[in-house]
Amino acid sequence: MADPLIYLLDLVVFVGIYGILSVSLNLEFGFAGIANFGKVAFFLVGAYVYAILSALGVPFYVCLIAAAAAAALVGFLVSLPTLKLREDYLAIVVLTTGEILRQIVKSEKAIANGVWGIAVSPAIPTLGMPARVSSLVNIGLVFGCLLVCFLVAQRLANSPYGRVIRALREDEVAAEALGKNRAKYRAQVLALGSAMTAIAGGLYAQYIQFIDPYMFMPLITFTVWIMVLIGGPGNNWGALLGAALVLTFDRGANIIKDRVQNLPIDPGNLQYILYGILILLVLFFRPQGLLRESRLRTRALEKVGRGRDTAQGQRS
Amino acid sequence: MAVNWAQVLFNSAVTGSLYLLGATGLTLTYGLSQFPNFAHAEFITLGAFIGYFMAGPLGLGFPAGLAIAFLAVGLVGAAAYRGIFQPLAKRGASIIHLMVASIAISFILRYSIGAAWSWKPLYFTSNWPSLQLGPVRIVGLWLWLIGVAIGLALLLHFVLTRTKIGKAIRGTASNPTLALASGIQTERITIMTWFIGAGLAAVAGIFRGADTQVWPMTGWDIILPLFAVAVLGGIGNFYGSIVAAFIIGLAENLGVVVLLQLHLSTEYRPAIAFLIIIITLIFRPRGLAMLFRRA
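Protein chains in written order, with the numbering used here: chain A, 1 to 316; chain B, 1001 to 1295.
Because the hints were derived from the structure by calculation, they are not lab data.
Where hints are given, some of them may not hold.
[Said to hold, decoys possible] Partial chain B-side listing against chain A, Cβ under 10 Å, derived:
(1) A1101
(2) R1110
(3) Y1111
(4) S1118
(5) A1230
Glycine included, each C-beta is placed from N, C-alpha and C at the ideal position.
Work the whole structure out from these sequences, hints included.
This is how it looks when you write it as structure tokens:
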């Protein structure tokens, strides 16, 4: 790219978008122990709802809110058949939901031009301004949304609600014996996580200014999982760190791909082989990720002064 | 539009046979190891590639291709369990960690295949004789598929009911602790199940590849109906999965007729399997397993 600064700013925008995704997955997986293998489904819902509404001239913040609401609804509906079953059933259902939704937007021309895709206008028009300015505008928008999502996730994690979902993750029988309804909490967390994911989807659509069904492959889900697993499940800062690390690595691989000729192995393939190996290494040697699960912070614990070593559920 | 019902029924048998071969390993390993192995899709793909190269460029013929692919991919499956899933489980990995690990293996295999053979689709070149039986068009490959599926299902049934190994597999699946206490070497049995399951997936992969195309997504293309078979049949239940495979084969072929009548894209075919998963989970999460207490 001609302007290296633009390249860097572009990376920052992506870190923001994926940061929202990984914070939302961290909420679902890290705190609540929900195996959402269909992140891309909700990302797709967000991007398409945003694209369709913004084409009708709806202001961007309304588009984002509508996208979040639509995905929350989808997340809630998808979770219904599997709420009371074991973790793996939900994983299968959300994973396949992503495949079906992609098929729908691919086959139905009426939704958003089918396989041909649709152009999306940017949230804040920066026509005629230098590319750097428009990147900075996007960074402001994306990180504003990220900040909101992050604060929500952080507050939730340290609230009584967060303690309940962590308890359900650790020992559902014990938590249910205390009268906590597992199904209800799971549905709520999945709806909230999906809403955040959809906001990331909307931001992505307006930033790229184009969407088509092939941009929503299961690869996205897997990338977000890598971010959370590397960063440290149950730690929101870890989720952000994971997003930044993985995207930087991704960009590095792209630069090598562009610069270096005659590699013995196509870097596009190599990159995902390495991701797979990396995940296995993390699972084997550091399942808690780079950053440990964040300690519980409540006013009461701080007063007692024992917040460091009590009431902390260790990850199994 | 007139519908050729005889052809629809025959196609259903073909689809059902393919799904039976593909899903048997998925459901057996799922039942024994207690997590869905998403890399099963890549076992199918790997089988398709190995079969393609054995039968085509190396000129060993189709049956030899089937046998070699079965053994090779069976070993990959056993190695994946022995080398990755079993140690992870021993370290106390949760079911989510095991699922993530299976996706990681899935990526490693898929992109290694892509790197080794490129992403361009390959096609089996052999010309299968086709014959017309009344209103039904039959391709030789499909007869092979049905024959192999029924043959292997019968063989597996015989193994499961008549041999010590088979009884040990069933015992381990229904109660691992009791099986271990009765002197069954459950770990060895589990590894063997992974070998058989992955080998069957490879066989399914060759037929799928010969019928459509061989590329790194060959397995992933049919993973949705295979999960539907596992869920509908009852996780870990071999006999349930036989019935479920043919039910889903029939449902998909009838569904395509309905889609055509409604002027919808036939690309919605996977949605039928998806609906079956959802309906099963809502009304009968244990699938058809209750029908087959023995297994």
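Status of the hints after comparison with the structure:
no. : hint  : in the structure
1   : A1101 : holds (5 Å)
2   : R1110 : holds (8 Å)
3   : Y1111 : holds (4 Å)
4   : S1118 : holds (8 Å)
5   : A1230 : holds (9 Å)
Violated hints for the displayed structure: none, as all numbered hints are satisfied.
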